[in-house]
Amino acid sequence: MSWDVLLVRLPGEVTSVSQMAHDYQPAPLGPRHDVLATVAGVLPGADLSDPAWGVLSGPTWSVELSIGAADPVDSMMLHIRGAGDEVLTPVFELAGALGCKVFDFSAGDLITPGGTSGWHGFQRFRDRVTGEGR
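Numbered by the working numbering, the letters in the sequence shown go through residues 10 to 143 in order.
Heads up, a few of these hints could be off.
Unchecked claim - Derived DEER-like restraints, expressed as beta-carbon distance ranges:
no.: 1; residue 1: PRO40; residue 2: GLY140; range: 39 to 49 Å
no.: 2; residue 1: PRO81; residue 2: ASP59; range: 16 to 26 Å
no.: 3; residue 1: ALA49; residue 2: GLU95; range: 14 to 24 Å
no.: 4; residue 1: VAL138; residue 2: PRO37; range: 31 to 41 Å
no.: 5; residue 1: ARG137; residue 2: PHE114; range: 16 to 26 Å
no.: 6; residue 1: GLY140; residue 2: GLU22; range: 42 to 52 Å
no.: 7; residue 1: THR69; residue 2: TYR33; range: 17 to 27 Å
Because the hints were derived from the structure by calculation, they are not lab data. All C-beta atoms in this analysis are idealised placements derived from N, C-alpha and C, irrespective of residue type, glycine included.
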């Protein structure tokens, strides 16, 4: 079970999905080679041995980076597992380096640095479903 967020390019003034035109098509993140170079530069500890599916591990969490094989890369899905708010730091560092916003699938909207409610909500849901924390 993971908390899934999408890194996607959106106009700077957009702070909520509700502000988007229904037919809006985001610009790609860039050529695959450039995106991988950015990931490697921002997240030097990331394992990119499979360039379509990277992994970043922290002390209490892990992030799978679903980059895909398409060129150019349209967006990047992050599958976040574990616990600890420090996992959000590399998420937002990568989003900033790629010129992206972070879309929280569980909340159905964009999140900003310091916005932990979706991450905390996911952990509560996960723990309730799996019986952890009892």
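In this structure, is the beta-carbon distance linking ALA49 and GLU95 contained in 14 to 24 Å?
-> For GLU95 against ALA49, whose Cβ atoms are near 20 Å apart, the range 14 to 24 Å holds.
If you check the beta carbons of PRO81 and ASP59, does the distance land in 16 to 26 Å?
-> With a Cβ separation near 19 Å, PRO81 and ASP59 satisfy 16 to 26 Å, so the hint holds.
Could you check the hint for me, namely that VAL138 and PRO37 are 31 to 41 Å apart, CB to CB?
-> Taking Cβ atoms as reference, VAL138 and PRO37 lie about 35 Å apart, which means the hint holds.
Cβ separation of PRO40 and GLY140, checked against the hinted range 39 to 49 Å = The hint (39 to 49 Å, Cβ to Cβ) holds, given that PRO40 and GLY140 are roughly 45 Å apart.
Taking the beta carbons of ARG137 and PHE114, is their distance inside 16 to 26 Å?
-> With a Cβ separation near 18 Å, ARG137 and PHE114 satisfy 16 to 26 Å, so the hint holds.
Using the beta carbons of THR69 and TYR33, state whether their distance is inside 17 to 27 Å or not.
-> Given a distance of about 36 Å, which is not inside 17 to 27 Å, the answer is violated.
Return holds or violated for the Cβ distance of GLY140 and GLU22 against the range 42 to 52 Å.
-> 43 Å, holds
When each numbered hint is compared with the structure, a violation occurs for hint 7 only.
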